[in-house]
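Undergrad: These protein sequence lines map, in sequence, to chains A and B.
1 is the number of the first residue of the first sequence in UniProt numbering; add one for each residue after it.
1 is the number of the first residue of the second sequence in UniProt numbering; add one for each residue after it.
Heads up, a few of these hints could be off.
To be verified - Cβ pair distances, simulated, as ranges:
1) B:Leu-247 / A:Asn-90: 17 to 27 Å
2) B:Tyr-97 / A:Gly-114: 29 to 39 Å
3) B:Gly-138 / A:Lys-206: 53 to 63 Å
4) B:Leu-93 / A:Gly-114: 23 to 33 Å
5) A:Lys-75 / B:Ala-221: 31 to 41 Å
It is worth saying that the hints were derived from the structure and are not from the lab.
The beta-carbon is built from N, C-alpha and C at its ideal position, and this holds for glycine as well.
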Amino acid sequence: MVSGSALLTLENVTMQFGGLKAVADLSLEIAPGELFGLIGPNGAGKTTVFNVITGVYAPTQGRILFEGRPVQGLKPHAVARRGITRTFQNIRLFASRCCRDNVCIAGHQHAEAGLADSVFRTGNFERDEARQQREARELLDVMGLSQWEDTLASELPYGQQRRLEIARALAGRPRLLLLDEPAAGLNPLETEELMRLIEDVLRRFKLTILLIEHDMRVVMGICRRIAVLDYGVKIAEGTPDQIRTDPKVIEAYLGEEVQADLGAGT
Amino acid sequence: MLCGINVILAVSLNLINGFTGQFSIGHAGFMAIGAYGSAMITMHAGRGWAAALGASGIPPALAEAGPLLIALLGGGLLAALAGYLVGLPSLRLRGDYLAIVTLGFGEIIRVLILNINAVGGPRGLPGIPGWANFFWVGAGVLAVILFSRHLATSTHGRALFAIRDDEVAAEALGVDTTRYKVLAFVIGAFFAGVAGGLFAHYLSYLNPTSFTFLKSIEVIAMVVLGGMGSVSGSVLAAILLTLLPELLRPVKDYRMVMYALMLITLMITRPQGLMGSRELSLAMFRRRRAAAA
């Protein structure tokens, strides 16, 4: 299924920490406009995949191509500038700043006003600042956070913090958005809302989204293609229906539950 | 005068410690570089220029202005260069480790000065023209405050705050954290150097003992007391901590005991600092009045 039109291509990516292979020989292709799900039990290496794509780690082996150009080995901020932004599983907001500032910081890479412009308050700075503030407000509006604009990120309700993370990632004007368990800790109703929001964002910003989820049911609803990771190895890839009936997937998830039951029994 | 110099020091350190969250305890080192650097510029060149200008009939205040400005900027730039060099390890080090590097840096500078005969070594450096008057210190204070305020409310300031709050997230969102950490060091060091230059041209005499580790700690106390990241907090705390030992003179022997006690009390009652991370502004006063009415 190798084709030249993929937005993101992982070629035999391996990430090794000492003796542990967190990701082993992983190959993926994500087409533009796709909402791709990456699932797997706890500790399967899903977040490591994100960290490798975004430059937090340089892969031990393999290549990562974004829009046909390699991005492996680049620093995270350089990857972000190429057009890949992300959210974090354990929310990482700028706690001491208000929501609008949080979004503005992500728009930083598109700022045109230099340091001298800022210090001497030139017309260039004023225009740039006004544009950043306006864009931040628009994004907060899309994410339904308008009423929290001036609230400190740390004082935001948990569900809203998750949304702010997405708003912030969008402010970097990505072409590929990586969402790391965006529904973690949300109740079923909030999860439902968030999933609809993600679909909306995908269309509105003409994005491609790569979504990690621990909970299979969440992904099944919105992703058209899913890859399943277990112990760093891709064990299946396909449509939700294919994944649901794949014996290897059932084993990986069932195995986990059986283990959990055993653990509870002792 | 010393108040103003301490304000410049505190506000400039606030750029590094408060805004960016990089714990630096070598600020006296930057100040020393600026002080000695500007003194040398003035003594070897500036004094001659001022004399030449004065001889051509320009009033002395004006004749001194140019050379002093050059000396202050020169001292600031030397300190900024040192800030760049110290900023480099901060790319790899965090928290305690960075603090130790900056501590070492401050001590190295002091010991170097102590052993360079050309700047007087342990005897000190006398005979610097006392050009720095209230106007110059005031201009320096104004410059550093305006700079910090404008920086804080710009996209670059937001990038610094982002690094303080969560470096990993800042990096993932396209902030070049390396560049901004070094930038904070360079700017902070520059203003510390200017403060040092003013100090030299105010006292007319420099001695390495003015730039010990204790001086760095004093400036850190101002930043922490004022509230990390608050420009007006740093200003208030710098004034308070400079005046307090003087105001406490009547209690004689117990002066430093009282000073320490008051510091401890302040930190217990307001651990976030005088201002927290907020700023004094007209809007705040208006809100107060509206709330009272």
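Undergrad: None of the hints should be skipped; say for each whether it holds.
TA: Here is what the structure says about each hint:
1. Under the hint 17 to 27 Å, the C-beta atoms of B:Leu-247 and A:Asn-90, about 48 Å apart, miss the expected range.
2. Evaluation of the 29 to 39 Å hint for B:Tyr-97 and A:Gly-114 yields a pass: the beta carbon distance comes to about 32 Å.
3. Our hint of 53 to 63 Å for B:Gly-138 and A:Lys-206 holds, since their Cβ atoms are close to 54 Å apart.
4. Checked against the given bound of 23 to 33 Å, the beta carbons of B:Leu-93 and A:Gly-114, roughly 28 Å apart, stay inside it.
5. Range check, A:Lys-75 to B:Ala-221: about 36 Å between beta-carbon atoms, so the 31 to 41 Å window is met.
When the structure is compared with the earlier hints, a violation turns up for hint 1 alone.
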